[in-house]
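Q: The primary structure of each chain is shown beneath.
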Amino acid sequence: MKGLTAPRWFAGRARLPRGEGPWPWLVAGSVALSLLMLLALVLLLAVRGLGHFWPSPVALVSLEDGSQLAGVKVREERRFDGAGSEWLLRTANRDLEGGIWQWVAVDAIESVSHPQDLVVMSRTRWGDFIGRLVALEDASGNQQEQAAWNAFEARLAEIQALRDERDRLRGDVVLPLVRRLERGLDSEARERLAAANARIRGLQRQMIGETLILESADGQRLAQPIEQVLRAWRPNAMSLPDKLGAWSRGVWRFLSEGPRAANTGGGVWPAIFGTVLMVLLMSVLVTPFGVLAGIYLNEVAHQGRLTRVVRIAVRNLAGVPSIVYGVFGLGVFVHGIGGTLDTWFFSDQLPSPTFGTGGLLWASLTLALLTLPVVIVATEEGLARVPEHQREGALALGATRLEMLARVVLPMTVPAMLTGVILAVARAAGEVAPLMLVGVAKLAPQVPVDGDFPFLHLDRKFMHLGYHIFDVAFHGGDVQAAMPLVYATALLLVLVILVLNLTAIFLRHHLKMRHVALPRH
Amino acid sequence: MSVSSPSRPATAGPFIDFESHDSCLEIEGLSLAYAGKAALSELTLKVPRHRVTAFIGPSGCGKSTLLRALNRLHDLNEEVDFSGRILLDGQDIHAPEVAVSELRRRVGMVFQMPNPFPMSIYDNVAFGLRLQGGMRKRQMDDIVEWALSSAALWHEVKDRLRASAWSLSGGQQQRLVIARTLAVRPEVLLLDEPASALDPISTLKIEELIRNLKTQLTLVLVTHNMQQAARVSDYTAFLQEGELVEYGATDTLFTNPRLARTENYITGRMA
Numbered sequence: 283m284k285g286l287t288a289p290r291w292f293a294g295r296a297r298l299p300r301g302e303g304p305w306p307w308l309v310a311g312s313v314a315l316s317l318l319m320l321l322a323l324v325l326l327l328a329v330r331g332l333g334h335f336w337p338s339p340v341a342l343v344s345l346e347d348g349s350q351l352a353g354v355k356v357r358e359e360r361r362f363d364g365a366g367s368e369w370l371l372r373t374a375n376r377d378l379e380g381g382i383w384q385w386v387a388v389d390a391i392e393s394v395s396h397p398q399d400l401v402v403m404s405r406t407r408w409g410d411f412i413g414r415l416v417a418l419e420d421a422s423g424n425q426q427e428q429a430a431w432n433a434f435e436a437r438l439a440e441i442q443a444l445r446d447e448r449d450r451l452r453g454d455v456v457l458p459l460v461r462r463l464e465r466g467l468d469s470e471a472r473e474r475l476a477a478a479n480a481r482i483r484g485l486q487r488q489m490i491g492e493t494l495i496l497e498s499a500d501g502q503r504l505a506q507p508i509e510q511v512l513r514a515w516r517p518n519a520m521s522l523p524d525k526l527g528a529w530s531r532g533v534w535r536f537l538s539e540g541p542r543a544a545n546t547g548g549g550v551w552p553a554i555f556g557t558v559l560m561v562l563l564m565s566v567l568v569t570p571f572g573v574l575a576g577i578y579l580n581e582v583a584h585q586g587r588l589t590r591v592v593r594i595a596v597r598n599l600a601g602v603p604s605i606v607y608g609v610f611g612l613g614v615f616v617h618g619i620g621g622t623l624d625t626w627f628f629s630d631q632l633p634s635p636t637f638g639t640g641g642l643l644w645a646s647l648t649l650a651l652l653t654l655p656v657v658i659v660a661t662e663e664g665l666a667r668v669p670e671h672q673r674e675g676a677l678a679l680g681a682t683r684l685e686m687l688a689r690v691v692l693p694m695t696v697p698a699m700l701t702g703v704i705l706a707v708a709r710a711a712g713e714v715a716p717l718m719l720v721g722v723a724k725l726a727p728q729v730p731v732d733g734d735f736p737f738l739h740l741d742r743k744f745m746h747l748g749y750h751i752f753d754v755a756f757h758g759g760d761v762q763a764a765m766p767l768v769y770a771t772a773l774l775l776v777l778v779i780l781v782l783n784l785t786a787i788f789l790r791h792h793l794k795m796r797h798v799a800l801p802r803h
Numbered sequence: 374m375s376v377s378s379p380s381r382p383a384t385a386g387p388f389i390d391f392e393s394h395d396s397c398l399e400i401e402g403l404s405l406a407y408a409g410k411a412a413l414s415e416l417t418l419k420v421p422r423h424r425v426t427a428f429i430g431p432s433g434c435g436k437s438t439l440l441r442a443l444n445r446l447h448d449l450n451e452e453v454d455f456s457g458r459i460l461l462d463g464q465d466i467h468a469p470e471v472a473v474s475e476l477r478r479r480v481g482m483v484f485q486m487p488n489p490f491p492m493s494i495y496d497n498v499a500f501g502l503r504l505q506g507g508m509r510k511r512q513m514d515d516i517v518e519w520a521l522s523s524a525a526l527w528h529e530v531k532d533r534l535r536a537s538a539w540s541l542s543g544g545q546q547q548r549l550v551i552a553r554t555l556a557v558r559p560e561v562l563l564l565d566e567p568a569s570a571l572d573p574i575s576t577l578k579i580e581e582l583i584r585n586l587k588t589q590l591t592l593v594l595v596t597h598n599m600q601q602a603a604r605v606s607d608y609t610a611f612l613q614e615g616e617l618v619e620y621g622a623t624d625t626l627f628t629n630p631r632l633a634r635t636e637n638y639i640t641g642r643m644a
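Residue numbers (this note's numbering), protein chains in the order written: chain A, 283 to 803; chain B, 374 to 644.
Hints are computed from structural coordinates only; laboratory data are not their basis. Careful: at least some of the hints might be erroneous.
A partial selection of chain A residues facing chain B, derived with a Cβ cut-off under 8 Å [what the hints assert, rightly or not]:
no., residue
1, HIS671
2, GLU674
3, GLY675
4, LEU677
5, LEU679
6, ALA681
7, THR682
8, GLU685
9, PRO693
10, MET694
Over the 10 Å line for every Cβ pair with chain B, so calculated as not near, a few chain A residues [as the list claims (entries may be wrong)]:
no., residue
11, LEU457
12, THR622
13, THR639
14, VAL781
Backbone N, C-alpha and C fix where the C-beta goes; we use that ideal spot for every residue, glycine too.
Please take these sequences and the hints and turn them into a complete structure.
A: So, in structure tokens, the structure goes:
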């Protein structure tokens, strides 16, 4: 029997040996399948996540019964009873309709058009609006049609600048002052706070003024105060470069802004920051402990039964479910150590806890504990891989054991240690369960690093991309609306882990290259 | 260092006895057991100064164990028991006042597998010097050049001292390791099958180096290769099952061994 052989077109490209039966196909097939699944994962996240920011065209749907509705077509589905199919339209206008989704039977549709004057608005209240801008009213009169749109766009940019200034004041001036006041009475801070608040009120007054007269597709009119509109665009009138610009601005806002509307809108910057900072802190904590423990186990400890037991225990710790570490962190770090710290140093603030509640430090420590076995095992394996003759070579030159370790063995082990750290980072960055117990917050728009002494606030709660996904997907009111954000955040989490890993890999590669072409033995 | 030529023993015998000022290392009644298993038993021999002494014998005869004992490398192993004495210039190397790192500096060792450290060529040679510390850059440069020249490697590497030691060929690596050992000015150089992992050309270079080095120090060579022992050594000790069978001038031992066991081994008739 001849068995399977690679087809002709394949023979030159991959070295699939011919006449070896199904084995090459089996192994190559599994590789291909694995790659395919990974590719599908990334593609799904990318398409669904990034597509969310694309200004999709708005369809004006006329139904047979004469009514009209405008919305973005999300998908088409077959009806359960098999009688034709339906469109799901995101029609927005929660304040007019009570909901933002509409199912429309395809059979009932008379015509679909994409008029250029359809406007999509993102608002601070009631979510998006889809419809037409009829007029822009201010104290002096009103403008209509294209003039209204032009005046509206100009005014919108103005309001956005005011809003940015207000947010900057809130974050950089008001919040630190409030914290200072929380710590004790301070008349100077009180005065400055009053001044800043007055400025904010002034800015907010400048935003108010015009009222938009809006009309939905079915003819309902609405008076919309202009200061509640964040952005407005006419997707049907946008050219491709316009859309690309809008898309990249949308992605940038997603990356750089804080969340709003209970995490159903806005961006995820605090979560990105929290994730990266937590992982970095975790690495800083886990590396020395893990490396030292690995050195002890492999180089110092008497290789007897006890060491073997310890080694097995360490390897098994790597398999303990992460939520168990969360419980441990809650009990020992948060309540035990944190509570004690509070009674010793922050007793004036009790009963409101400082360290006795979840925070960045405790989350990093818990994850450091969680990833400790990974680093220990990697270090040990790296040490075991250093050939005996290298150690003897150093000793034979008169090096003490410590000198041998420090000058020959450890430098050779650094890549293995970094591999351990890479694995630790990969595990820690994706871990959510223990964080929920020890410090992650649904909403913490202030990142834990700022200009306020001591700059890095280890006691603060923080946001995390993984938890953000969970929160957006399950704790928002509207799963349908949340899904694109979930995909986008998931894609971002993957990217953040990728970047963290690439950094560590780059570091490892760089260290390896310092000496060597390739080891000869 | 006093350089005096040891007198050839008049007759070939199992043991040679040098005048004590001519012997560099003296091994007295050395027994060594590894994990309860005897590896060397009651070994007594003297290693002449400024000569090449070869230890030969079948695998597992204890020749490498003996060599490592001279450098106290067995200190690492907790399962090793030994009795007897090893004297370096009349001093017991296991005496409490002897620091093991100082002993290992005085008794350098080169292993079967070339083991340059993952550093530059220069750093490899300077490794031992830096351990001792307190040396100026210029002085270190000089010693590195001298050591590399002594190991017949200087001309091959002088333009790339900063290159990785692992970029050298196997034979160059082994000579680098010898240079590294020479840099700390040892009195004795122990060579544990230094050429067995090398190609014939590199082997020849190492052998030539060994012959040249005996003007500077005492060399002890462990080898599987009897031709090599015959080519480079002045004295040869034949070990079998942890015992010293015959020890004598190389010429005599190879041409006119006293004992039938020795003859069987060197003529290849031994099972």
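Q: Have a go at the A:LEU679 hint: is there a Cβ in chain B nearer than 8 Å to its own Cβ?
A: Holds, because the Cβ-Cβ distance from A:LEU679 to chain B comes to roughly 4 Å (cut-off 8 Å).
Q: Is the hint on A:ALA681 kept, meaning its closest Cβ partner in chain B is under 8 Å away?
A: Status holds, d = 6 Å.
Q: Quick one: work out the minimum CB distance from A:LEU457 to chain B and report holds if it exceeds 10 Å, violated otherwise.
A: Answer for A:LEU457: holds, closest chain B Cβ roughly 51 Å.
Q: Tell me if A:GLU685 is really an interface residue toward chain B, meaning its C-beta lies closer than 8 Å to one of theirs.
A: 6 Å, holds
Q: Grab the minimum C-beta distance from A:LEU677 to chain B and call the hint holds if it beats 8 Å, violated otherwise.
A: Holds - the Cβ of A:LEU677 comes within 8 Å of chain B, reaching about 6 Å at its closest.
Q: Minimum Cβ distance from A:GLY675 to chain B below 8 Å?
A: 4 Å, holds
Q: How about A:HIS671: closest beta carbon in chain B under 8 Å, or not?
A: 4 Å, holds
Q: Would the stated hint for A:GLU674 survive a check requiring a Cβ distance to chain B of less than 8 Å?
A: Since chain B brings a Cβ to about 6 Å from A:GLU674, closer than 8 Å, the hint holds.
Q: Quick one, is the A:MET694 hint okay against chain B at 8 Å, beta carbons?
A: Check passed: Cβ of A:MET694 comes within 6 Å of chain B, closer than 8 Å.
Q: Minimum Cβ separation between A:VAL781 and chain B greater than 10 Å?
A: Non-interface label stands for A:VAL781: nearest chain B Cβ at 29 Å, farther than 10 Å.
Q: Are all C-beta atoms of chain B more than 10 Å from that of A:THR622?
A: 43 Å, holds
Q: Take the shortest C-beta to C-beta distance between A:THR682 and chain B; is it under 8 Å?
A: 6 Å, holds
Violated hints: none; the structure is consistent with every hint.
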